[in-house]
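Asks: With the hints as constraints, model all of the structure from the sequences given.
Line order of the protein sequences matches chains A and B.
The working numbering applies: residue 1 is where the first sequence begins, and numbers increase by one.
The working numbering applies: residue 1 is where the second sequence begins, and numbers increase by one.
Some clues are possibly wrong.
In silico BS3-like cross-links for lysine-lysine, where the CA-CA straight-line distance does not exceed 30 Å [claimed, not checked]: (1) A:Lys80 x B:Lys320; (2) B:Lys233 x A:Lys137; (3) B:Lys251 x B:Lys307; (4) A:Lys137 x B:Lys307; (5) A:Lys80 x B:Lys251; (6) A:Lys80 x B:Lys307.
Over the 10 Å line for every Cβ pair with chain B, so calculated as not near, a few chain A residues [to be verified]: (7) Val46; (8) Thr225; (9) Gln230.
What the hints contain is simulated information worked out from the structure, not anything from laboratory work.
Even for Gly, the Cβ is constructed at its ideal location relative to N, Cα and C.
Each chain, written out:
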Amino acid sequence: MAVKRIPDWADVVLVPLVSLILAFVISALVIVAIGEDPWAATQMMVSGALGSTYGWGYTLYYATNFMFTGLAVAVAFQAKLFNIGGEGQATLGGLGVALACLYLPWPHWSLALLGAALGAAAFGALWAAIPGYLQAKRGSHIVITTIMFNFIAAAVLNYVLVNQLRPQGSMDPASARFPEVTQLPRLHEILEVVGIPFSRSTPANISLLIALAACVAVWFLLWRTRLGYQIRAFGHSEAAAQYAGISPLRITIVVMLISGGLSGMMAINNVMGEAQRLVLNAVEGAGFIGIAVALMGRNHPFGVFLAALLFGFLYQGGAELALWTSIPRELIVVIQALVILFTGALDNMVRMGIAKVIGPAKQGGA
Amino acid sequence: MMDLASVIQILDSTLRLSTPLLLACLAGLFSERAGIFDIGLEGKMLAAAFFSAATAAITGSVWLGLGAGILASMALSLLHGVASITFRGNQLISGVAINFLAAGLTVLIAQDWFQQGGRTPALIGDGRFPRLDLPFAEALRDVPVIGPAYSVILSGHTILVYVALLCVPLTWYILYRTRFGLRLRAVGENPAAVDTAGVSVVRLRYAAVLICGVLCGIAGAYLATGLAAGFVKDMTAGRGYIALAALIFAKWRPWQALGAVLLFGLLEAIANRYQNIELAGLVLPVQFMQALPYILTVIILAGFVGKAVPPRAGGTAYVKER
Numbered sequence: 001m002a003v004k005r006i007p008d009w010a011d012v013v014l015v016p017l018v019s020l021i022l023a024f025v026i027s028a029l030v031i032v033a034i035g036e037d038p039w040a041a042t043q044m045m046v047s048g049a050l051g052s053t054y055g056w057g058y059t060l061y062y063a064t065n066f067m068f069t070g071l072a073v074a075v076a077f078q079a080k081l082f083n084i085g086g087e088g089q090a091t092l093g094g095l096g097v098a099l100a101c102l103y104l105p106w107p108h109w110s111l112a113l114l115g116a117a118l119g120a121a122a123f124g125a126l127w128a129a130i131p132g133y134l135q136a137k138r139g140s141h142i143v144i145t146t147i148m149f150n151f152i153a154a155a156v157l158n159y160v161l162v163n164q165l166r167p168q169g170s171m172d173p174a175s176a177r178f179p180e181v182t183q184l185p186r187l188h189e190i191l192e193v194v195g196i197p198f199s200r201s202t203p204a205n206i207s208l209l210i211a212l213a214a215c216v217a218v219w220f221l222l223w224r225t226r227l228g229y230q231i232r233a234f235g236h237s238e239a240a241a242q243y244a245g246i247s248p249l250r251i252t253i254v255v256m257l258i259s260g261g262l263s264g265m266m267a268i269n270n271v272m273g274e275a276q277r278l279v280l281n282a283v284e285g286a287g288f289i290g291i292a293v294a295l296m297g298r299n300h301p302f303g304v305f306l307a308a309l310l311f312g313f314l315y316q317g318g319a320e321l322a323l324w325t326s327i328p329r330e331l332i333v334v335i336q337a338l339v340i341l342f343t344g345a346l347d348n349m350v351r352m353g354i355a356k357v358i359g360p361a362k363q364g365g366a
Numbered sequence: 001m002m003d004l005a006s007v008i009q010i011l012d013s014t015l016r017l018s019t020p021l022l023l024a025c026l027a028g029l030f031s032e033r034a035g036i037f038d039i040g041l042e043g044k045m046l047a048a049a050f051f052s053a054a055t056a057a058i059t060g061s062v063w064l065g066l067g068a069g070i071l072a073s074m075a076l077s078l079l080h081g082v083a084s085i086t087f088r089g090n091q092l093i094s095g096v097a098i099n100f101l102a103a104g105l106t107v108l109i110a111q112d113w114f115q116q117g118g119r120t121p122a123l124i125g126d127g128r129f130p131r132l133d134l135p136f137a138e139a140l141r142d143v144p145v146i147g148p149a150y151s152v153i154l155s156g157h158t159i160l161v162y163v164a165l166l167c168v169p170l171t172w173y174i175l176y177r178t179r180f181g182l183r184l185r186a187v188g189e190n191p192a193a194v195d196t197a198g199v200s201v202v203r204l205r206y207a208a209v210l211i212c213g214v215l216c217g218i219a220g221a222y223l224a225t226g227l228a229a230g231f232v233k234d235m236t237a238g239r240g241y242i243a244l245a246a247l248i249f250a251k252w253r254p255w256q257a258l259g260a261v262l263l264f265g266l267l268e269a270i271a272n273r274y275q276n277i278e279l280a281g282l283v284l285p286v287q288f289m290q291a292l293p294y295i296l297t298v299i300i301l302a303g304f305v306g307k308a309v310p311p312r313a314g315g316t317a318y319v320k321e322r
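Replies: Next comes the structure, spelled out in structure tokens:
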């Protein structure tokens, strides 16, 4: 069964779109199977996530998380490295934020943000660079090591919270509350400046703008710099890249540093922007959703941006659904799984189906 | 500090905790020896745990539960096979998807069927596997050393524990003493050679993936109907990944797999029993014990203690030449 080439535009637009539709159709069947009305569920999700500035606030808050983790997976994917360690990297990023916010005296939130972002990126980058080094230097499979590092990160955080950061007398495995000055401006405060009224009770904050800037920066890095070219060349053919004088060790570690740094940066949104203290499992699976976001967005920053918005919508819509119906939040996990399955593993099936309908690409055209 | 009684108790729970790891590890062994990476062990176990507990709860028969668990796990195996063998998709991504699919669907269906917040009702009576007493366990109880070793540690487990232990020599025999096993190993190393010999690569790989499904199914059923009394959300708790770690530790060999899972089971048993362990003046926190299997695996993977070389054709789809 040969996989026919299809035109580029179809590969970029049609394949993810058809995959998404397949994922939604099957999700709808699942909803029918558990005796609920998929149409009503969709309406409830749309109004819950997009029908008010409150819904929008949460949608954008989640989307911010997913932009960071999605970019992280996408950058690694460009170098053909499958980084499943976003969860652990973001966990340690949270530790970086907490240490920066708790132990350094910041005069203003903007400087605190800068310091915390650096801490988050450094911790996340370090946590990703070790598996990168081990793969490049010692040949250990990065997928397995990043999975192992997720578990080790969870244990590290558990230890630090229980034994080091927990305030005296507190039973809760969580850090103390961060100082008031480190509280980031929320979206309603930013929008107030330009006269747009926005819900005050959502956690969306200035990190959203940083996530958007990260999307642009990653695009610039990948398509406008020498390093980006090397990363993509390496991903295309390791042998050819090596022949061209690109060091696999260097590229692997650099890519993992960038990828882990982006995952870690997520913590400025959830730990600094929202919770204002470090708790166990602050990441809540966003590291894994990054995989779906990157696959859906075809490893392109703009695609990641769109996919992160979509998953932010699904997350907030799913929360509303769980609140008002008997459909549990886990519906989003199923949708996420189907998106990963169709876009990442059954992509050839989708491609072959499309080739049958629109015909294969002309020779040399693709 | 530790006395003999607690040592025996720890060894007893080691065997109980190692069983699901052993079954999942052997499952991964069949799949990966045939060249199909499988990080979906976790998801298959989880699906099997739910469907076995749900079926046992509804029918009152733990054997029907076991059957349902195996079927559920095999269905996911088939999905993995379709994605990675037929459509030559990315095996790692397919595995990730299967883990999420199982995590989401089990809670979704559990909520719909039982309305108990994503769990099944507690299993009672014939809904669980009974503990079996091995012959002469009572009579030998008071014999020093052999007595407790036999009557407490080895005896008194559910039948699936013994099934799992028997699977070790069985796997060894299948892999190294049968034609099927020879072909299975060959297809993971050099599928082109197997193809040239006129044996279907696709069929062999599907067979391996389905055997993997059966073993993961038993592992999941053991978790929900032997070790625990019912299904709770995410009850596999990373065991599929530990099994994967054990597989690397064992360098994809059955007897070594037994050794690796016993080691990991022992670590889990110790971590469950003690909060912190004092070792020669150094206090090991419980979190360190919990992370130890993963740390050891990274060390093994890095080749600091012998090199773990996976099957050569692992992770890549076979494209027949034309």
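Asks: The structure should be examined with respect to each hint, and the outcome stated for every one.
Replies: Now for the hints, and whether the structure bears them out:
| no. | hint | result |
| --- | --- | --- |
| 1 | A:Lys80 x B:Lys320 | holds (24 Å) |
| 2 | B:Lys233 x A:Lys137 | violated (39 Å) |
| 3 | B:Lys251 x B:Lys307 | holds (8 Å) |
| 4 | A:Lys137 x B:Lys307 | holds (13 Å) |
| 5 | A:Lys80 x B:Lys251 | holds (25 Å) |
| 6 | A:Lys80 x B:Lys307 | holds (24 Å) |
| 7 | Val46 | holds (20 Å) |
| 8 | Thr225 | holds (28 Å) |
| 9 | Gln230 | holds (23 Å) |
Checked against the numbered hints listed earlier, the structure breaks hint 2 alone; every other hint is satisfied.
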